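Chemist: Below, each chain spelled out in residue letters.
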Amino acid sequence: MQLTDLTMLELAEKLAAGQVSSVEATRACLERIQRVDPKIRAFLRVDEAGALAAAEASDARRKAGTPASPLDGVPVGLKDLFLTEGLETTAGSRVLEGFVPPLDATVVRLLREAGLPLLGKLNLDEFAMGSSNESSAYFPTHNPWDVTRTPGGSSGGSAAAVAAREVFGALGTDTGGSIRQPAAFTNTVGLKPTYGRVSRYGVIAYASSLDQPGPMTRTVADAAALLQILAQHDPKDSTSAPVKTPDYSAALEQGVRGLKLGVPREYFAQGMEEEVEASVRAALREYERLGATLVDVSLPHTQYALATYYLIAPAEASSNLARYDGVRYGLRAKDARGLKELYSLTRERGFGPEVKRRIMLGTYALSAGYYDAYYLRAQKVRTLIREDFTRVFQDVDALVAPISPVAPFKLGEKVDDPLSMYLMDVYTLPCNLAGVPGLSVPCGFTKAGLPVGLQILGRAFDEALLLRIARAFEREHDFFRRLAPI
Amino acid sequence: MALTLEQVRHVATLARLALTPEEEQRLSTQLSAVLDAVTQLQSLDVENVEPTSHATLTASLLREDVTRPSLPPEKSLANAPAKSGTSFAVPKIIE
Amino acid sequence: MPVSDFQPVIGLEVHAQLLTQSKIFCGCSTAFGAEPNRNTCPVCLGMPGVLPVLNERVVDFAIRTGLALECRVNAKSVWSRKNYFYPDLPKGYQITQYDLPICEHGKLLIDTPQGEKLIRVRRIHMEEDAGKSVHDAGGGQSLVDLNRAGVPLLEIVSEPDLRDADEAVEYLKALRDVLVYLGVNDGNLDEGSFRCDANVSVMPKGSSTYGQRCELKNLNSFRFVKQAIEYEISRQVDVIESGGKVDQETRLWDVNKGVSRSMRSKEDAHDYRYFPEPDLPPLHVTTEVIEAVGHALPELPRAKLQRFVSQYGLPAYDARILTAERPLADFFEACALRYPDAKKLSNWFLGELLRLLKEEGSTVSSVRFTPAQLAELLGAVDQGTVSANAGKDVLAEMFLTGRSAPDIIAEKGLAQVSDTGAIEAVVDDILAKNAGEIEKYRAGKKQVFGFFVGQVMRAMKGKGNPALVNELLKKKLGD
Ligand SMILES: [Zn+2]
Chain Z
1 MQLTDLTMLE
11 LAEKLAAGQV
21 SSVEATRACL
31 ERIQRVDPKI
41 RAFLRVDEAG
51 ALAAAEASDA
61 RRKAGTPASP
71 LDGVPVGLKD
81 LFLTEGLETT
91 AGSRVLEGFV
101 PPLDATVVRL
111 LREAGLPLLG
121 KLNLDEFAMG
131 SSNESSAYFP
141 THNPWDVTRT
151 PGGSSGGSAA
161 AVAAREVFGA
171 LGTDTGGSIR
181 QPAAFTNTVG
191 LKPTYGRVSR
201 YGVIAYASSL
211 DQPGPMTRTV
221 ADAAALLQIL
231 AQHDPKDSTS
241 APVKTPDYSA
251 ALEQGVRGLK
261 LGVPREYFAQ
271 GMEEEVEASV
281 RAALREYERL
291 GATLVDVSLP
301 HTQYALATYY
311 LIAPAEASSN
321 LARYDGVRYG
331 LRAKDARGLK
341 ELYSLTRERG
351 FGPEVKRRIM
361 LGTYALSAGY
371 YDAYYLRAQK
381 VRTLIREDFT
391 RVFQDVDALV
401 APISPVAPFK
411 LGEKVDDPLS
421 MYLMDVYTLP
431 CNLAGVPGLS
441 VPCGFTKAGL
451 PVGLQILGRA
461 FDEALLLRIA
471 RAFEREHDFF
481 RRLAPI
Chain Y
487 MALTLEQVRH
497 VATLARLALT
507 PEEEQRLSTQ
517 LSAVLDAVTQ
527 LQSLDVENVE
537 PTSHATLTAS
547 LLREDVTRPS
557 LPPEKSLANA
567 PAKSGTSFAV
577 PKIIE
Chain U
582 MPVSDFQPVI
592 GLEVHAQLLT
602 QSKIFCGCST
612 AFGAEPNRNT
622 CPVCLGMPGV
632 LPVLNERVVD
642 FAIRTGLALE
652 CRVNAKSVWS
662 RKNYFYPDLP
672 KGYQITQYDL
682 PICEHGKLLI
692 DTPQGEKLIR
702 VRRIHMEEDA
712 GKSVHDAGGG
722 QSLVDLNRAG
732 VPLLEIVSEP
742 DLRDADEAVE
752 YLKALRDVLV
762 YLGVNDGNLD
772 EGSFRCDANV
782 SVMPKGSSTY
792 GQRCELKNLN
802 SFRFVKQAIE
812 YEISRQVDVI
822 ESGGKVDQET
832 RLWDVNKGVS
842 RSMRSKEDAH
852 DYRYFPEPDL
862 PPLHVTTEVI
872 EAVGHALPEL
882 PRAKLQRFVS
892 QYGLPAYDAR
902 ILTAERPLAD
912 FFEACALRYP
922 DAKKLSNWFL
932 GELLRLLKEE
942 GSTVSSVRFT
952 PAQLAELLGA
962 VDQGTVSANA
972 GKDVLAEMFL
982 TGRSAPDIIA
992 EKGLAQVSDT
1002 GAIEAVVDDI
1012 LAKNAGEIEK
1022 YRAGKKQVFG
1032 FFVGQVMRAM
1042 KGKGNPALVN
1052 ELLKKKLGD
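Residue numbers (my numbering), protein chains in the order written: chain Z, 1 to 486; chain Y, 487 to 581; chain U, 582 to 1060.
Treat the hints with care, since some could be wrong.
To be verified - As a list, the in silico PhoX-like pairs of lysine-lysine whose alpha-carbon atoms are at most 25 Å apart:
1. U:K663 with U:K798
2. Z:K380 with Y:K578
3. U:K713 with Y:K578
4. U:K973 with U:K1055
5. U:K1042 with Z:K236
6. U:K798 with U:K713
7. U:K939 with U:K925
8. U:K807 with Y:K578
9. U:K993 with U:K1014
10. U:K1027 with U:K1055
11. Z:K380 with U:K657
12. Y:K578 with Z:K39
13. U:K993 with Z:K340
14. U:K1055 with U:K1044
15. U:K1056 with U:K1042
16. U:K973 with Z:K380
17. Z:K236 with Y:K578
18. U:K713 with Z:K334
19. Z:K334 with Y:K561
20. Z:K236 with U:K939
21. U:K939 with U:K973
22. Y:K578 with U:K1057
23. U:K826 with U:K807
24. U:K993 with U:K1026
25. Z:K410 with Z:K447
26. U:K807 with U:K754
27. Z:K340 with U:K663
28. U:K826 with Z:K340
29. U:K838 with Y:K561
Note that these hints are calculated values from the structure, not bench results.
Keep in mind that this is a model prediction, so the values were computed, not measured.
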C-alpha cells in the first residue's frame, strides 16, 4: 500500500504517531501528481513550495506536541474557485488568467489555521458552470476510472484528484450538484452542506443564493473531519448561519436502525440508466437490511426544479459576472477603442460559450418585461420546492435517491447539446433550491467499472445525520478501498 | 418560445458581450430551446406564493461602524491591466 | 400659450452621504480627500468572491431620518441589485433598495409666499455610492478612484408636489437643515455629500395629467437648482409651443454655459434588471429599535424655530437665524438660561457674535467663552458698569481670549463712570467753557444739546454713563 492510498484519518493517525511526516506525505502527493496528472489533468496549478513550507511547519507542531487540529499536516487541494492569497486564482476562466488575490477565502484560512498543506488549485467548469469539467477554459479533466470519460462537474478536478490519490481530500463547491455529481462519478464522498453552514467569503460566486462549499474525500469519516474545520459562522458572510458547530464524528458509527428513510418517487423517473438504478435500489435494500424503514414519499414539484434552477442561477450569475470588465483585474481587450468596446470585447474574449450562454439567459430573465414571467415566477416555484422538503421531513429523517440518471459519460458527448447536459442535474438541483444538505456516497459500479453514487438528503443543519447514514452503508460496502486504475 | 436574433443582440448589449454573428445564431437556437423548456413553469398556479430569494432565513447580520485597515494602493492596483499613479486607467470616457 | 399658462411639476431626488466612520458594506474609511484608492479593500473594489456586511449605523441613520420626516419605517426592507456597467461601479451593480425601502410615506413642511406647504416624501432608501472617474486626465484616458465606492447614501425621494424652482430650493434647504440637525449628513453641496436630481415636467394650467418629465443632474448648488429648473421649464414650454413633444431623458446642467444638455441617447436606455440581492438577507427592524431611535431624536429645525418664537418671544427673523444650525441654537439657549432678556441676547448674537464668527471663519463650537461669561457681560452693560459700545469691544476680546468680562473691563479701564459727583464736575467745566453755546441753546437751538453731550463724553473718554450725563446736563441747562 502506498502512502497516498491512505485516507485522511489514517494519515492523520500516522502523523500523530510520528510514523510519517507531513513533508513525506506532501512529497508523496507531489510525486503522484507529477506521475498521474498528465493523464488526469486535475490540477490547474501546483503550489509545491507553499505546500512543503506548510508541511514543514506542521511537522514542527507535531514534534512540539501542539498540532493545530486532528488533520494537521494532511495535504489537500482546492477547487480553483477559492481565493488564495498570493496564488493565482482563475475560476477556470480566461477572464481571470493571472489574477493573484490579495486575500484568502475564509475556508482557505480555516484550512491553513488547521495546518493542512494546500497542494494547489484544481480544475473546474468555467465559473463552476457545467457538469463535465469541459467548460474549463484551460482543458478538460479526465475521470481516473476511465480517462476517456468525464469526472463530472463542476468540481471535477477536485473529485478526480481525490479519486486518483493526488490529494487526500479537496474542497469543492456545489450550486446545483457540483460536489455530489462528480463525487458519484469518481467513487468518492462529497457533501454539500446546508446553505449558510460554510462561509462563501472569498469563494468566487456563480449563483449566490445556491452556492455552497463543501468537502470531497474518499471516506465518510474524512468528510466529517474536514467539515468539522469548515463549518464555522463567518461574520464576513451575511448569509452565514450563526449556528453552533456540532461534533460531526460523534454519532458516525451509530447506524440506521430505527431511522425512517424517504424514497422520493420523482427521483426514479424514466430515463435513468438501468445499471445506475440497480445500484441505487440495491443500496436502498441494504438500508432496509440494516434496520431502517423505507418510506415511499413524494416531492411533487421536483419536475419544476430544472426550469427553476436554470432561471435563478443564470440570473444571479449574469449579475455576479458583471465585475469582470477589464477595469481592475483580469483580462482586458487592449485594442478596445473606447469604453463600450473595453467591456464588450473583454467579456467576449474572456468568457467561454457556456458562461456566455448563462449570462445571456440570466440577463434575459431579469430584463424589463420578462422579470415577472421568468425570474419572479421561478422564485415562487422555488418556494414550492422548499415546501416539498419541509413537508416530507415531517415524516422521514432523511431521503435516499440517485445522484445522476447516468454513469460518467464520454468527454465530448454532450458538449454541443446544453439542454441534455442540464437535464443530468435533475436529481441534484432541488437540494440547492431548498437550501438543505446533500451527500453523495459511493454505492457501486457498473459492469464497465464506472462508479455510481447514492444521494442522501436531510433537514437543514442535519449534516451529522447524513454522514451517519452514509457511514452505515460504507461500513458494509467499502467501495472506497477500490482504487482507480491509474 | 423563440428568441429572435434581434432579441439576442439586445440582451448581448445589456450584458456587454460583443458576440460574433455565428454566436448570435447559435445562442438564438440554444436559448430558444432552454426557454421552451422553462415555459413549463407557466402552468403552475403561483398566485399566492411568496417568492424565495434566500435559501435560508438568516437574520440580518450587522457590523459595528468601525474602520478597518484598507489595502495599500499598491495591492489594490496589483492586478490592474492599466493604471496611472494610484488610479485605475480606462479608455477616455465620453459622456 | 405663454409660460404663465403652464404649470410646472417638480419632484426631487436627494442623495445624502451619511456621516459614518466606515463604508456601508466594508471597514474602509469614508474620509474625503485621500489619495486615489487609498481607502479601498477587496469588498469595495468588487474583487471576485467577496461579500457585503451591513454597517449598523447606516440603519440607525436611515431610521432617524425616516422618523424626522414622519415616514413609516418598514419592519422588513429588502436589498436589491441595480445592474449597469460603468468604470466607477466596481461590481457592475449597485446594492440599493428597490421594492421595499426602509422608509415610506413621509412629509416635510416648507415656507412659500402663500404660507406653509406640505411636501410629501415618497420614500427613503439606503444604498452605496459609486467611485469617481476623472475624464480630463490626458493621454486619452479616464482615471478611476474608488475611495467613494461604498460610502453610504440615503436617497430621499419627494412626491412631485413642488410647483416652481423657489419651492424646490426651499424644500432642499429644509431637508438639508433636517439632515444636518440629525447629524447624519454634513449638508455640503460643493463636495457632493448632499446631491440633488430634479424631475421636471410641465402641463397646461388646470390639467391634472402630468407632462413627460426630464431628469436634471449635476445640480450642486442651490443657485444651480434654481437656474436649471427654470431653464428646463422654459425649454419644455418652448418645445410644446413649437408643436414638439418633450422626450423623457436625462439632462446634465452645464454650469458654465447655463444650459442643460441631453446625457444619454435613447438606444442606451437603461434596463437596470433589479433583483433581490442574494448576498444580503432582508433587513428586519423591530419596534423597540424604532422607538429607541425615536426617543433619541433631537428637536428639528422647524419645531425649534417655532419654539424660539413662542418661548423667547423672538421675531421669526431672529429665530430663523438662531436655529439655522443646531450648535448655535444650543449655545443661544444656554445663554438664555443665564440671561433673561432673550431679545437683547438675540441682538448680541445677530449683531456681534455672528459677525465675529464670520470674520474668524469659525463656528459656534469653537467659541472660547462660556454662556455664563456672556451673561455676565450683558449684565454689566445693563447695570451700566460698561457702556454698550465698550461692551462690544469686551466681547471681541472675550471671543479672542476666553477671558471674563470683569477682567477685561478692569484691565482696559473700560468701566463706565456712574458717579454723579464726578460727572457733575465735568459738566460744570464744559458749561463754563461754552457760554456762547448756552446762549444759543436757551434761545431755542435745542440741537446744541448734542454738542454738550459729545463734549462731556469726550472729556470722560467715553466712559461717562450716558443716562447720567443727559440727566445732569438737562438739569444744569435749566430744562
Ligand atoms: Zn472597502
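Chemist: Indicate, hint by hint, whether the structure satisfies it.
Modeler: Evaluation of the provided hints:
1. Between K663 of chain U and K798 of chain U, the direct Cα distance comes to roughly 19 Å. Compliance with the 25 Å bound is thereby established for this hinted pair.
2. As the CA atoms of K380 of chain Z and K578 of chain Y are separated by approximately 44 Å, the hinted pair breaks the 25 Å bound.
3. Using a Cα cut-off of 25 Å, the hinted pair K713 of chain U and K578 of chain Y holds, with the two alpha carbons roughly 14 Å apart.
4. About 28 Å separates the Cα atoms of K973 of chain U and K1055 of chain U, which puts this hinted pair outside 25 Å; it is violated.
5. Among the hinted pairs, K1042 of chain U with K236 of chain Z is inconsistent with the structure: their alpha-carbon atoms are about 74 Å apart, more than 25 Å.
6. Taken as a hint, the K798 of chain U and K713 of chain U pair is honoured in the structure, with Cα atoms around 16 Å apart against an allowance of 25 Å.
7. A C-alpha spacing of about 20 Å is found between K939 of chain U and K925 of chain U, which places the hinted pair at or below 25 Å, so the restraint holds.
8. For the given pair, K807 of chain U sits about 32 Å from K578 of chain Y by alpha-carbon distance, which is inconsistent with the 25 Å threshold.
9. About 30 Å separates the Cα atoms of K993 of chain U and K1014 of chain U, which puts this hinted pair outside 25 Å; it is violated.
10. At most 25 Å may separate the alpha-carbon atoms for a hinted pair to count; K1027 of chain U and K1055 of chain U meet this at roughly 11 Å.
11. Between the alpha carbons of K380 of chain Z and K657 of chain U the distance comes to roughly 19 Å, so the proposed pair stays at or under 25 Å and holds.
12. Our distance criterion of 25 Å between C-alpha atoms is broken by K578 of chain Y and K39 of chain Z, whose separation comes to about 47 Å.
13. Taken as a hint, the K993 of chain U and K340 of chain Z pair is broken in the structure, with Cα atoms around 73 Å apart against an allowance of 25 Å.
14. At most 25 Å may separate the alpha-carbon atoms for a hinted pair to count; K1055 of chain U and K1044 of chain U meet this at roughly 19 Å.
15. Taken as a hint, the K1056 of chain U and K1042 of chain U pair is honoured in the structure, with Cα atoms around 22 Å apart against an allowance of 25 Å.
16. The hinted pair formed by K973 of chain U and K380 of chain Z fails the criterion: a straight-line CA distance of about 74 Å is larger than 25 Å.
17. Pair hint K236 of chain Z plus K578 of chain Y does not hold up; C-alpha atoms about 35 Å apart against a cutoff of 25 Å.
18. With a C-alpha separation of about 22 Å, the suggested pair K713 of chain U and K334 of chain Z falls inside the 25 Å cut-off, and the hint holds.
19. As the CA atoms of K334 of chain Z and K561 of chain Y are separated by approximately 22 Å, the hinted pair is consistent with the 25 Å bound.
20. Only pairs whose Cα atoms come within 25 Å are accepted, and K236 of chain Z paired with K939 of chain U is rejected, the gap being roughly 47 Å.
21. With a C-alpha separation of about 16 Å, the suggested pair K939 of chain U and K973 of chain U falls inside the 25 Å cut-off, and the hint holds.
22. The suggested pairing of K578 of chain Y with K1057 of chain U is violated, with an alpha-carbon distance near 87 Å, which exceeds 25 Å.
23. A C-alpha spacing of about 23 Å is found between K826 of chain U and K807 of chain U, which places the hinted pair at or below 25 Å, so the restraint holds.
24. About 38 Å separates the Cα atoms of K993 of chain U and K1026 of chain U, which puts this hinted pair outside 25 Å; it is violated.
25. Taking the CA atoms of K410 of chain Z and K447 of chain Z, the gap is near 16 Å; set against the 25 Å cutoff, the hint holds.
26. As the CA atoms of K807 of chain U and K754 of chain U are separated by approximately 12 Å, the hinted pair is consistent with the 25 Å bound.
27. Between K340 of chain Z and K663 of chain U, the direct Cα distance comes to roughly 19 Å. Compliance with the 25 Å bound is thereby established for this hinted pair.
28. Taking the CA atoms of K826 of chain U and K340 of chain Z, the gap is near 30 Å; set against the 25 Å cutoff, the hint is violated.
29. Distance hint between K838 of chain U and K561 of chain Y is unfulfilled; the C-alpha atoms sit about 42 Å from each other, more than 25 Å.
The structure is inconsistent with the numbered hints 2, 4, 5, 8, 9, 12, 13, 16, 17, 20, 22, 24, 28, 29, although it conforms to all the rest.
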